[in-house]
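Asks: Here's the letter readout for the chains.
There are 2 protein chains.
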Amino acid sequence: MAKAATMFLLAGAARALRGHRLHHLARPSRTVMSAATLDRTTPTKLQDAESFLKDIDVFIFDCDGVIWKGDSLIDKVPSVLELLRKLGKKIFFVTNNSTKSRKGYKGKFEKLGLDVEPEEIFSSSFAAAAYLEQTEFKKTGKKVYIIGEVGIEEELDPALDLIGVPYIGAGKDSDKEPNMKPGGKLEPDEDIGAVVCGFDREINYFKIQTAQLAINEMGAEFIATNLDAVTHLTDAQEWAGNGAMVGAIKGCTGQEPTLVGKPSPLMIDYMEKKFGLDRSRICMVGDRLDTDILFGNDNGLKSCLTLSGVTTEEKLLSPENKVIPDFYVDSIADYLG
Amino acid sequence: MAKAATMFLLAGAARALRGHRLHHLARPSRTVMSAATLDRTTPTKLQDAESFLKDIDVFIFDCDGVIWKGDSLIDKVPSVLELLRKLGKKIFFVTNNSTKSRKGYKGKFEKLGLDVEPEEIFSSSFAAAAYLEQTEFKKTGKKVYIIGEVGIEEELDPALDLIGVPYIGAGKDSDKEPNMKPGGKLEPDEDIGAVVCGFDREINYFKIQTAQLAINEMGAEFIATNLDAVTHLTDAQEWAGNGAMVGAIKGCTGQEPTLVGKPSPLMIDYMEKKFGLDRSRICMVGDRLDTDILFGNDNGLKSCLTLSGVTTEEKLLSPENKVIPDFYVDSIADYLG
Numbered sequence: 001m002a003k004a005a006t007m008f009l010l011a012g013a014a015r016a017l018r019g020h021r022l023h024h025l026a027r028p029s030r031t032v033m034s035a036a037t038l039d040r041t042t043p044t045k046l047q048d049a050e051s052f053l054k055d056i057d058v059f060i061f062d063c064d065g066v067i068w069k070g071d072s073l074i075d076k077v078p079s080v081l082e083l084l085r086k087l088g089k090k091i092f093f094v095t096n097n098s099t100k101s102r103k104g105y106k107g108k109f110e111k112l113g114l115d116v117e118p119e120e121i122f123s124s125s126f127a128a129a130a131y132l133e134q135t136e137f138k139k140t141g142k143k144v145y146i147i148g149e150v151g152i153e154e155e156l157d158p159a160l161d162l163i164g165v166p167y168i169g170a171g172k173d174s175d176k177e178p179n180m181k182p183g184g185k186l187e188p189d190e191d192i193g194a195v196v197c198g199f200d201r202e203i204n205y206f207k208i209q210t211a212q213l214a215i216n217e218m219g220a221e222f223i224a225t226n227l228d229a230v231t232h233l234t235d236a237q238e239w240a241g242n243g244a245m246v247g248a249i250k251g252c253t254g255q256e257p258t259l260v261g262k263p264s265p266l267m268i269d270y271m272e273k274k275f276g277l278d279r280s281r282i283c284m285v286g287d288r289l290d291t292d293i294l295f296g297n298d299n300g301l302k303s304c305l306t307l308s309g310v311t312t313e314e315k316l317l318s319p320e321n322k323v324i325p326d327f328y329v330d331s332i333a334d335y336l337g
Numbered sequence: 001m002a003k004a005a006t007m008f009l010l011a012g013a014a015r016a017l018r019g020h021r022l023h024h025l026a027r028p029s030r031t032v033m034s035a036a037t038l039d040r041t042t043p044t045k046l047q048d049a050e051s052f053l054k055d056i057d058v059f060i061f062d063c064d065g066v067i068w069k070g071d072s073l074i075d076k077v078p079s080v081l082e083l084l085r086k087l088g089k090k091i092f093f094v095t096n097n098s099t100k101s102r103k104g105y106k107g108k109f110e111k112l113g114l115d116v117e118p119e120e121i122f123s124s125s126f127a128a129a130a131y132l133e134q135t136e137f138k139k140t141g142k143k144v145y146i147i148g149e150v151g152i153e154e155e156l157d158p159a160l161d162l163i164g165v166p167y168i169g170a171g172k173d174s175d176k177e178p179n180m181k182p183g184g185k186l187e188p189d190e191d192i193g194a195v196v197c198g199f200d201r202e203i204n205y206f207k208i209q210t211a212q213l214a215i216n217e218m219g220a221e222f223i224a225t226n227l228d229a230v231t232h233l234t235d236a237q238e239w240a241g242n243g244a245m246v247g248a249i250k251g252c253t254g255q256e257p258t259l260v261g262k263p264s265p266l267m268i269d270y271m272e273k274k275f276g277l278d279r280s281r282i283c284m285v286g287d288r289l290d291t292d293i294l295f296g297n298d299n300g301l302k303s304c305l306t307l308s309g310v311t312t313e314e315k316l317l318s319p320e321n322k323v324i325p326d327f328y329v330d331s332i333a334d335y336l337g
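Read top to bottom, the protein sequences are chains X and Y. Residue 36 in full-length UniProt numbering is what sits at position 36 of the first sequence, and the numbering runs on without skipping anything. Residue 27 in full-length UniProt numbering is what sits at position 27 of the second sequence, and the numbering runs on without skipping anything.
Source of the hints: derived by calculation from the structure; they are not laboratory data. Possibly wrong hints are sitting among the right ones.
Just so you know, same-sequence chains aren't split out, so a pair can sit in one copy or run between any two.
The calculated lysine-lysine pairs, modelled on DSS-like cross-linking and capped at a C-alpha distance of 25 Å, are [stated by the list, open to error]:
#	residue 1	residue 2
1	K185	K111
2	K69	K185
3	K142	K315
4	K111	K181
5	K138	K76
6	K274	K106
7	K45	K322
8	K54	K315
9	K176	K54
10	K45	K185
11	K90	K54
12	K142	K176
13	K111	K142
These numbers come from a predicted model, not from an experiment.
One chain only, chain X, in its complex shape:
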């Protein structure tokens, strides 16, 4: 893994990503995929699945809202994946959810009856680890402070033969309170060189204050796995996402984070270099306009929105929406034709 991650991105590109923000722009003009169906200004519902599949070699699937929703597999997904594999398509699963490592995600796929290789999985927890590897964080001799859950811990863990960077925080700080009595203070580890901020349902003031001191006073780099406003913690309702945790740290430091998950291009650069893929024959499939579809459009991929997640057809078709996918489907079951 360590070797693969060093291919991940150029250091210059990584630095350019500091301060990266979402840009809600219309997709740039690019090659028409199928003259019969493609319209660049109005979203097009997928009609001819067979011809669509012929133009694509690689499918990159967002997970939450596309493959599953909360704890339930979306209808007919196993048949869709079976068809794509039979047609010789390469498949990747990309997720901004940082609560699991790639290993943890494999378990989730298996539980739902899907057989997937860890190499086919790109979680934002892995992206954070790969970014630290590429920027040679290990050489600084510093530690990472984690706001987040076990997924980030596992991807950084030296014991798991991945990038092996020492880390503190995460679950171990969930029950801590700083000394706020007169004259009291929080004394963070002196060696924090980076703060990785992922979704953390045990977010508390101790973690926020530690990150604030590390970034404001110790010069630690601020890295965000993702900026999703809401997430699918369960399928019963929408839940506040990592946008909340990142927003808290932005709000007390005035700093913009280095973003490693979607819509940052880090993951697609990695895939392109590792597997030598032709971008125009890659299709990004997701349920969010401002991350998934923007990510596909901004990176020269084909894009397909599925309505099985957070985006309604009404929102997609509204004149205020400027992010237009190449196609949209009710769910990826529409690929079965």
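Based on the hints, put chain Y in the right spot on chain X.
Replies: Leaving out everything else, chain Y in the frame of chain X:
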């Protein structure tokens, strides 16, 4: 109190404040206060205290970093207040700290040996209450969800004969966890009509998710007492401020709050109307450029920065700083001449 609050601001002005953000602009050109000393581009250290005091009728003091720092009174403050009262100056204490009500602040002043009337105190907890009074929130029959501490509760409390708006949240939700098991959800009170977000050292995921649902799904208004990045919880270090709590809610809702504390003009409008004050003879005294001094400059007041709080002389004099006070002092003890 209810009556005073109705004078607070015009409903139109209140609405215009939605989406209010900090603007780090140079102060607009205005009447020169003292030709001998005033320079509009370079900060001027106060030399002639006597002539300065002659030009001012009203002093508005920020508290943290000006009157006290954390738990300690700043040196010679009692003598300064005694002098100003002897000279017939009107004095107000304005603070973005929302953790105490005006009543609670009076206690803090007393503990430090300072005798102050509740009417001389303008906390951002009071500003939130006055905003809800002015916008006639009570008539909606809804409740306020509080992210924050006892100061906001006390200013809203019907039992304390202030504005009397029903509220939930705050300390009562500090130990709660939403049901995040498969199929689980958080079911907030159906009557939440506004979320008031103030500094809350017991911030947790339950409160964030409740605010997210209230704002995103129930159409509740999002009100922030203040946006300070850091605060003086103790004098041993800087602490993550309400910028963190507000940032968390911004990050999961995509909404900008209605700001009621500095640098919003709500408080100064109230003072001007209630006491018939001449703005050009009011001096805002504070330790922060981007809230206190900006607040004074943007509202046609005189401004005086004190270096006894978070701003260093180096930062004030740096070419990157565009917010220039009329004068600056090492501490307000310089008023003694």
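Asks: Run every hint past the structure and note whether it holds.
Replies: Cross-check of the supplied hints:
Taking the shortest alpha-carbon separations for K185 and K111, only the inter-copy value of 22 Å comes in at or below 25 Å, while the best intra-copy value is 45 Å. Proximity of K69 to K185 under the C-alpha cut-off of 25 Å is restricted to the inter-copy arrangement: shortest distance 14 Å between copies versus 42 Å within a copy. For a Cα distance limit of 25 Å, the shortest separation of K142 from K315 qualifies neither inside one copy, at 45 Å, nor across copies, at 29 Å. Taking the shortest Cα distances, K111 and K181 sit within 25 Å of each other only across copies (16 Å), while inside one copy they are farther apart (48 Å).
Taking the closest pair of Cα atoms, K138 and K76 never come within 25 Å of each other, the shortest separation being 44 Å inside a single copy and 50 Å across copies. Taking the shortest alpha-carbon separations for K274 and K106, only the intra-copy value of 21 Å comes in at or below 25 Å, while the best inter-copy value is 65 Å. With identical chains, the CA atoms of K45 and K322 are at most 25 Å apart within one copy only, with a shortest distance of 17 Å there and 52 Å across copies. Proximity of K54 to K315 under the C-alpha cut-off of 25 Å is found in neither arrangement, the shortest distances being 29 Å within a copy and 61 Å between copies.
In this homomeric assembly, K176 and K54 never come within 25 Å of each other (Cα to Cα): the closest approach is 55 Å inside a single copy and 52 Å across copies. In this assembly of identical chains, K45 and K185 lie within 25 Å of each other by CA distance neither inside one copy nor across copies; the values are 57 Å within and 33 Å between. Proximity of K90 to K54 under the C-alpha cut-off of 25 Å is restricted to the intra-copy arrangement: shortest distance 13 Å within a copy versus 79 Å between copies. Taking identical chains as interchangeable, the C-alpha atoms of K142 and K176 lie at most 25 Å apart only when both belong to the same chain, with a minimum of 22 Å there against 35 Å between chains.
Within a single copy, K111 and K142 get their C-alpha atoms no closer than 37 Å, and across copies no closer than 44 Å, so neither meets the 25 Å cut-off.
This entry does not satisfy hints 3, 5, 8, 9, 10 and 13, going by the numbered hints stated previously.
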